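*Asks:* Here's the letter readout for the chains.
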Amino acid sequence: MDLQYALELIGTFFFAISGALALQGKEADWFAAAFTGFLTAIGGGTLRDVLLGSYPLVWIGDINFLYAIILGVIVTFILYGFVSRLKRTFMLFDTVGIAFFTILGVEKALSVGVRPEIAAIMGMFTAIMGGVIRDTLTNELPVIFRKEIYATACLAGAICYLSLRLFEIDRNVNLLISIGVIVVIRLLAVKFRLSLPKLK
Amino acid sequence: MDLQYALELIGTFFFAISGALALQGKEADWFAAAFTGFLTAIGGGTLRDVLLGSYPLVWIGDINFLYAIILGVIVTFILYGFVSRLKRTFMLFDTVGIAFFTILGVEKALSVGVRPEIAAIMGMFTAIMGGVIRDTLTNELPVIFRKEIYATACLAGAICYLSLRLFEIDRNVNLLISIGVIVVIRLLAVKFRLSLPKLK
Amino acid sequence: MDLQYALELIGTFFFAISGALALQGKEADWFAAAFTGFLTAIGGGTLRDVLLGSYPLVWIGDINFLYAIILGVIVTFILYGFVSRLKRTFMLFDTVGIAFFTILGVEKALSVGVRPEIAAIMGMFTAIMGGVIRDTLTNELPVIFRKEIYATACLAGAICYLSLRLFEIDRNVNLLISIGVIVVIRLLAVKFRLSLPKLK
Numbered sequence: 001m002d003l004q005y006a007l008e009l010i011g012t013f014f015f016a017i018s019g020a021l022a023l024q025g026k027e028a029d030w031f032a033a034a035f036t037g038f039l040t041a042i043g044g045g046t047l048r049d050v051l052l053g054s055y056p057l058v059w060i061g062d063i064n065f066l067y068a069i070i071l072g073v074i075v076t077f078i079l080y081g082f083v084s085r086l087k088r089t090f091m092l093f094d095t096v097g098i099a100f101f102t103i104l105g106v107e108k109a110l111s112v113g114v115r116p117e118i119a120a121i122m123g124m125f126t127a128i129m130g131g132v133i134r135d136t137l138t139n140e141l142p143v144i145f146r147k148e149i150y151a152t153a154c155l156a157g158a159i160c161y162l163s164l165r166l167f168e169i170d171r172n173v174n175l176l177i178s179i180g181v182i183v184v185i186r187l188l189a190v191k192f193r194l195s196l197p198k199l200k
Numbered sequence: 001m002d003l004q005y006a007l008e009l010i011g012t013f014f015f016a017i018s019g020a021l022a023l024q025g026k027e028a029d030w031f032a033a034a035f036t037g038f039l040t041a042i043g044g045g046t047l048r049d050v051l052l053g054s055y056p057l058v059w060i061g062d063i064n065f066l067y068a069i070i071l072g073v074i075v076t077f078i079l080y081g082f083v084s085r086l087k088r089t090f091m092l093f094d095t096v097g098i099a100f101f102t103i104l105g106v107e108k109a110l111s112v113g114v115r116p117e118i119a120a121i122m123g124m125f126t127a128i129m130g131g132v133i134r135d136t137l138t139n140e141l142p143v144i145f146r147k148e149i150y151a152t153a154c155l156a157g158a159i160c161y162l163s164l165r166l167f168e169i170d171r172n173v174n175l176l177i178s179i180g181v182i183v184v185i186r187l188l189a190v191k192f193r194l195s196l197p198k199l200k
Numbered sequence: 001m002d003l004q005y006a007l008e009l010i011g012t013f014f015f016a017i018s019g020a021l022a023l024q025g026k027e028a029d030w031f032a033a034a035f036t037g038f039l040t041a042i043g044g045g046t047l048r049d050v051l052l053g054s055y056p057l058v059w060i061g062d063i064n065f066l067y068a069i070i071l072g073v074i075v076t077f078i079l080y081g082f083v084s085r086l087k088r089t090f091m092l093f094d095t096v097g098i099a100f101f102t103i104l105g106v107e108k109a110l111s112v113g114v115r116p117e118i119a120a121i122m123g124m125f126t127a128i129m130g131g132v133i134r135d136t137l138t139n140e141l142p143v144i145f146r147k148e149i150y151a152t153a154c155l156a157g158a159i160c161y162l163s164l165r166l167f168e169i170d171r172n173v174n175l176l177i178s179i180g181v182i183v184v185i186r187l188l189a190v191k192f193r194l195s196l197p198k199l200k
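Residue numbers (UniProt numbering), protein chains in the order written: chain B, 1 to 200; chain A, 1 to 200; chain L, 1 to 200.
The following block holds chain B by itself, in its conformation from the complex:
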């Protein structure tokens, strides 16, 4: 499916940018930014496939993912001052990106025969673990621990997808609805500054 493949590459490109921007304000050099962009982009899918024992890893088997990452890093470097100010735009891309990667991750997990509960976790991992690795490397408490409903939105979308699948809804329809669920939950959370209750 060509559209899906294009979206995967575009998502990888944006994840690379988000990682390459993560070291702003730290004493780090350009290599560190590129390296962090790379790990952020591959982290979630790589963890999912290593846990599932599914080889070769996507970015090792298909070189286009590496090129998408390199392009993302180069764009970040050239337009550094510019892209680092586009916070709002990035939030939008990020939201669509995590929504899309969640559902792809669920499908990938189902395709190797795991149970739906595990597939839901793998979907969420695909979307968020790149960011968790990025934050751990750069010595931050992972942003998913702090910010408005994020990973929870991915989990909700994954569960939505798996539920509709039980009713044998058409895959493309299901994809649209489930991605929509994630995007809507996330955007509402940002708009109204919703977050889960904090620990005492």
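Source of the hints: derived by calculation from the structure; they are not laboratory data. Everything numeric in this text was worked out from a predicted model, so none of it was measured. Misleading hints may appear alongside valid ones.
Intra- or inter-copy, both count: the list cannot distinguish identical chains.
[Unchecked claim] In silico lysine to aspartate or glutamate, EDC-like type, Cα no more than 20 Å apart, as pairs: (1) K191 x D94; (2) K87 x E140; (3) K26 x E140; (4) K147 x E27.
Once you have looked at the hints, place chains A and L on chain B.
*Replies:* Just chains A and L now, kept in the frame of chain B:
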């Protein structure tokens, strides 16, 4: 062996609680607590099996482990103020838990044909790496680096098990003795505040 | 090739020392130093092989690597005050070590059939990821993010090796040249305090 299986699930349940409690005092939400509980519970065994190339991972192949984790997280949430005060009780459960997981980890490693030295390391990893992942995620110096004899006790128990195995001691007897070695070393260390020498 | 095998063991030995020294000044005990030495020594190669799905891992299949690590840790403990002052000497060993591991990592990746671009990344990972894991565990911003040209030198050497390989240069000649490229870039960078531009 039904008792062993039950103990594995119970150990997973307690590891999930210990992880879910780890973010106390940090600016984190309930999702972060659940997520950390999950990674703490699966971390050690998952690392062991990924290093050994032993698939499917235990919690992916058997859904009951996921349910044990979810239960642990829910119990933590409901009884939050209560369980977070039970430090002493938890230390006891934790001690029995790491002892048990160490020996199971050793056996699992031996079952895929590695040498005893490697099996000892894998046993220790099974017991402690969930906690190391938990502490790294939450930006702490791993607690095993600081506290009274802990990982060392696991390593001692693993070596004890492997030594007795050489003499073809009955497995159940060996299990009891080796788990006992870990528990006794750990409890003595806590009681008398023993620790290995600090670095200068 | 006996020389190569000896060099691999020696490199592992020195990586273990560098890891065992990493906790100086932190509140950590001797076990923590040994543990960090172990993870530093195996980290890069292990990550490479897990990503490639290449089992068994080197140090699991060949016990001599574990012995080299244990020896490195013991030497560190016995000569602690002494080796911790040998910063300059270590920098030299470290430079030769990462150069050598980079090229071995590239060859290992090529041997399982990945593309050269991926092999270059795997070579760099082999050399640097042990240190990244060490720094993440000990709560530091990875040193490769901060210090003089380091990972970049590895990447340059990997690309050099892969380029010369295209021209079917003799492997041993290529090995020498590519290792030399890494060593020279790194030493010049240290000598003249060269680093990549910092992020704004």
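*Asks:* Hints the structure violates: just list their numbers, smallest first.
*Replies:* Those not satisfied: there are none.
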